[in-house]
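Novice: Let's have the full structure, built from the sequences with the hints guiding it.
Order-wise, the sequence lines are chains A and B. Numbering follows the numbering used here, with no gaps: position 64 of the first sequence is 64. Numbering follows the numbering used here, with no gaps: position 73 of the second sequence is 73.
There is no bait here: all hints are sound.
BS3-like cross-link-like pairs, simulated, lysine-lysine; straight-line CA separation at most 30 Å:
id, chain 1, residue 1, chain 2, residue 2
1, A, K42, B, K81
2, B, K57, A, K41
3, A, K66, A, K41
4, A, K41, B, K76
5, B, K81, A, K41
6, A, K42, B, K68
7, A, K42, B, K76
Quick caveat, the hints were computed from the structure, so don't treat them as lab data.
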Amino acid sequence: GAVVSQHPSRVICKSGTSVKIECRSLDFQATTMFWYRQFPKKSLMLMATSNEGSKATYEQGVEKDKFLINHASLTLSTLTVTSAHPEDSSFYICSASRASGINEQFFGPGTRLTVL
Amino acid sequence: GQNIDQPTEMTATEGAIVQINCTYQTSGFNGLFWYQQHAGEAPTFLSYNVLDGLEEKGRFSSFLSRSKGYSYLLLKELQMKDSASYLCAISGGSYIPTFGRGTSLIVHP
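Specialist: Following this line, the structure appears as structure tokens:
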């Protein structure tokens, strides 16, 4: 149990386009979902935390208008990178938690975004 | 705020034992995670320590000392597949884990 999927696994896009990444909890309801980005050989950097039905909480320095997060249901959260630029190229990972306070996170397989 | 420190890289021999240390400073503490991450993949959960002491799970054990702000992950009978990055993460007052930069472990024959 506790499987999280992400789609797409890889995406290459042109500069200026928008890219949507989906994160789904397949066999449990995720009260909270997290979005991270990771640069090569660097740690996971938390971008935002989202709870179903409410606005995401963004970490300091993360542009909420650039990285749109929607958590419409207990099994789906989406991250949209708007007007992507080459510096947005990164590994984006989502994770889901079954309940707030019990914080084992289940990670998705990640999405490799390359912006040309 | 939170600060997590772990070695950048370690090497070890197949079949040996390796200990990966993690030290931290935090204003609030709920628990400490260890995750394993292979290159290009998402992290996978290894352990979660809340109380002081050693918790053993197969070939992997994790130790925590809250008073010292210190944890270690112990890997026994190393296998080549254990070559990966090992991430220490602190769950603080907000319950949202903060990750260290990870320790890249290279296991050689």
